[in-house]
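K.L.:
Listed here are the chains, written in short residue letters.
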Amino acid sequence: MLKYIIKRLLAGIVTAVVLITVAFFMMHAMPGSPFSPAEQKNVPPEVLERIAASYGLDKPVMEQYVTFWQQLLHGNLGVSYKKTDTSVNSIIGEHFPSSAKVGGIAVLMSLIIGIPLGLLAAVYRGKFMDGFSMVFATIGISIPVFVISVLLMYLFAGVLNWLPSFGLTSWRHYILPVACLSFNPIAYIARQTRSSMLEALQQDYIRTARAKGVGELAVVAKHALKNAITPVVTYLGPLVAGLLTGSFVVENLFAVPGIGRYFVRSVTDRDYTMIMGIVIFYGLFVIICNLVSDILLAIIDPRVKLSK
Amino acid sequence: MPLNIPGRDVYDALPDEMCVPGIDDSDADEIVRPSTTYWHDVWQRFRREPLAMGGAIVIIIMAIACIFVPMFSQYSYDGMDLAHMNNGPSWQHLCGTDQMGRDQFIRIMYGARISLTIGIVAAAINFLIGVVYGGLSGYIGGSLDMVLMRIVDILTSLPSLLYVLLVMLIFGSNVFSVILALCFTSWIGTARVVRSEVMHLKHSDYVMAARLSGASTGHLLWSHLVPNAMGPIIVSTAFLIPNAIFSEAFLSFLGIGIRAPMASWGTLANDAIPIMAQYPHQMLFPVAAICLTMFSFNFIGDGLRDALDPRMKK
Chain A
2 MLKYIIKRLL
12 AGIVTAVVLI
22 TVAFFMMHAM
32 PGSPFSPAEQ
42 KNVPPEVLER
52 IAASYGLDKP
62 VMEQYVTFWQ
72 QLLHGNLGVS
82 YKKTDTSVNS
92 IIGEHFPSSA
102 KVGGIAVLMS
112 LIIGIPLGLL
122 AAVYRGKFMD
132 GFSMVFATIG
142 ISIPVFVISV
152 LLMYLFAGVL
162 NWLPSFGLTS
172 WRHYILPVAC
182 LSFNPIAYIA
192 RQTRSSMLEA
202 LQQDYIRTAR
212 AKGVGELAVV
222 AKHALKNAIT
232 PVVTYLGPLV
242 AGLLTGSFVV
252 ENLFAVPGIG
262 RYFVRSVTDR
272 DYTMIMGIVI
282 FYGLFVIICN
292 LVSDILLAII
302 DPRVKLSK
Chain B
-5 MPLNIPGRDV
5 YDALPDEMCV
15 PGIDDSDADE
25 IVRPSTTYWH
35 DVWQRFRREP
45 LAMGGAIVII
55 IMAIACIFVP
65 MFSQYSYDGM
75 DLAHMNNGPS
85 WQHLCGTDQM
95 GRDQFIRIMY
105 GARISLTIGI
115 VAAAINFLIG
125 VVYGGLSGYI
135 GGSLDMVLMR
145 IVDILTSLPS
155 LLYVLLVMLI
165 FGSNVFSVIL
175 ALCFTSWIGT
185 ARVVRSEVMH
195 LKHSDYVMAA
205 RLSGASTGHL
215 LWSHLVPNAM
225 GPIIVSTAFL
235 IPNAIFSEAF
245 LSFLGIGIRA
255 PMASWGTLAN
265 DAIPIMAQYP
275 HQMLFPVAAI
285 CLTMFSFNFI
295 GDGLRDALDP
305 RMKK
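Residue numbers (my numbering), protein chains in the order written: chain A, 2 to 309; chain B, -5 to 308.
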């Protein structure tokens, strides 16, 4: 077990190093800089030079790369190009909690609704419940998240005027963003749970359990579900990472003051340090979540370790 | 030792009434119908999936319409008519007009051109990369396979949207950079499928026979292994198309993808957000177009999966 964890950990570190390196050189290969004289015509060139020097941009790229790593290992992601008095760390620190709150609730909702939906569909295979949840799952997988967001927003905030569509100040503000964020994951989890439950219910040990007289509820909940849950756990890693770090569309649309919204803004602003900082933060978050879900999977299903 | 079989003369001696009346089995061994090929079978199964056939018909109609309607229409995608701003649907403007009096219907048709082009081109490129990458990795195996698969692991450990955004930043917002960005990681699924199929097939007898007759690695891959692995490859490619269309609409919706006055479905939906309360139809039509396309392609993908490999059907 320890060997497996160490192996995964090393792979995660290699991925992180590659990611950070690629992000750094991509940002530096970008044509045009926010401080080039061609783009800032009304600022004197000497001032621009001095600004560039304050960011260390006058030094050779390799030297900048080394400095960047030194800063990074001290947990410093640099200073924004646009808001010159704000560090990337403080912006992430300020916006991450909102993203994490909305995302965390969305993850919980997807599990609480998705797993039972798939479970019922598998147990009552071919019945109404199965048809209902599979139609729902197909809709959920086919309709893009921004379409759902727009439609829900129009219906509940525009036409019916039941829910607020802007900001994040009371519990009512959470309902629409959470619903939009968890729509696709619910569909995916329901589909995944259904197909692996169908497979699990046909296994010999289920027949044995039934033959021994175990009640139907215990067969489904204890014997089958335990074995059918592994694909959901695999999916959970990227899901948690994606939702907690903020969805670009939902945060933009509902004006949730989260990281996803800020990221989109820094992309359109070409705030390179900001983009790089958020990419690295996001990437590390994804890598850690994948690591945790891999380890979790190895604990639930010991066969995983042997096959890898 | 000679067997004691009754001779022909014994049968001939039987009276005619001993035959079963009305059944002439002299042609029982004859092959009446032409033998069907694998692809013919696939088509027969696909044809019986109503949802998949419906999806295919919708896509074909959409493709024909988006090619020909703009050719013969009196409106253009950027022609403004400030006298008719924000009009509702009418016979003159089937889907109404937008804030600048541009005809929505024709803009949706141009959006369909962009979406279908991106979907099909991105899927084709990803198909090629995936087949070559996965084929080499699976066929040669060993340390090459190790290296190639580690690269894939690193690429997939990050959400593809990050790469897409980075590529869009460098190459600007146009159709070309959207396709390029999508080609960064979308091929990985196909490559994995091809790799596992090739690894499974390469030990077959016919591959061994071909290799013994002196076939080169490239020939083996292209003429023997890939055609036999075609079913799963096609299924994974079929799902690449809706993914590509979704990604483009998503980027344009965020304002990072295709820019105005070019009309992508994502751009149209994005433009309609601020005035959604007053003019919901401007949001409704592009969104309906996106949903219809996504449903159609997903149904086609599901149908293809069931048709190519009936065992997968659940």
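Rather than coming from a laboratory, the hints here were simulated on the basis of the structure. There could be a bad hint or two in this list.
[As the list claims (entries may be wrong)] Straight-line Cα separation of at most 20 Å, EDC-like style, residue types lysine to aspartate or glutamate; simulated pairs:
1. A:83 x A:270
2. A:8 x A:270
3. A:8 x B:72
4. A:84 x A:95
5. A:8 x B:147
6. A:4 x A:270
Remember, it's a predicted structure, so these values are computed and weren't measured experimentally.
K.L.:
Does each hint fit the structure? Answer for all of them.
P.N.:
Hints, verified against the model:
no. : hint         : verdict
1   : A:83 x A:270 : holds, 8 Å
2   : A:8 x A:270  : violated, 40 Å
3   : A:8 x B:72   : violated, 56 Å
4   : A:84 x A:95  : holds, 14 Å
5   : A:8 x B:147  : holds, 14 Å
6   : A:4 x A:270  : violated, 45 Å
In this structure, the hints that do not hold are numbers 2, 3, 6, in rising order.
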